[in-house]
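Participant: I would like the entire structure built from these sequences, with the hints used as guidance.
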Amino acid sequence: MKNSKLERALYGPTIYEITLGLLLSVVLGAALGIVFLVFKPATVVQEMPKEDERIQGMTYYVEGTIDHGKAKQWMRKRQMLIDSVQGEVAFTEDDLNTWFMSSTPAGQEALAKAAQAAAEAAAAAKPGAKSKAKPAAKPAAPAPAADAAPAEELPPTDLIVASVINFRIRDGVVQLGLPTTINTLGYVFPVVAQARGGFEKVDDMYVFVPDEVMIGSLPLHRFPRAIEYMMKRAMQSDALPSEMMAAWKKVKTVVVEDKVIKLTI
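FYI, the numbering for the sequence shown is 1 to 265, going by this note's numbering.
If you're looking for bench data, these hints aren't it; they were derived computationally from the structure. Hints are supplied without guarantee of correctness; some may be wrong.
[What the hints assert, rightly or not] Cut-off 25 Å, straight-line C-alpha distance, at most; resulting in silico cross-link-like pairs (BS3-like, lysine-lysine):
no.	residue 1	residue 2
1	201	250
2	249	259
3	252	201
4	259	201
5	113	126
6	232	252
7	262	72
8	262	201
9	232	249
10	249	262
11	113	70
12	232	250
13	262	77
14	259	77
15	262	232
16	70	259
17	252	262
18	249	77
Facilitator: Take a look at the structure:
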């Protein structure tokens, strides 16, 4: 032991110790870099800026439209797909976004919150909502402490909470966006996952094959195995309407043209 300490004092750390230190530094630096990019938010824009107007190093996210006026036929199209009616069905991003908002747990929760907020706003703006002045009356007994204020909404307990998948279709390319929140250390971090690509037939079913995947500002497409894992988890989650999964297996062809996805049943 004394000889080892003496040699270390005379000659410094060994090659093994130096190599191990370098490897640990590289691994730690890579891990910190990945975490930084994941939590670096994407910039939400209405339209993708032109090439010469984009800021280097910035990740952009363009959300697909959800115009209910343009999606009046979405229920008929959905039923044609579910019933396997032979022919071609063309879905726009408005159709798909309306369908997913109405038929997934996250979408129904978002609609319920929006309806509640609208009802509260309407009640607050209603004429005569404020009580008229009345003569002073005998003070009422103080309410119990438990009824003094409504219970605060508890913070989410899940590490990752996903919202509703958002579709955007442009120039024959399908973009899937999934706003999520990561809850850790008592903080809530919003992160947008987005993937762009098309459809390919694998075995007997068409699947979405992304060419580009961004988690926050992290280019996940540089890690192919990570994409495979993410796609499998997405297929097993409740982010997709249950009735869609069974009907999708009967689709014969999938073609993306300009702003629509054409399915042949």
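Participant: Hint numbers the structure violates, sorted upward?
Facilitator: Going through the list in order, the structure violates no hint and respects every one.
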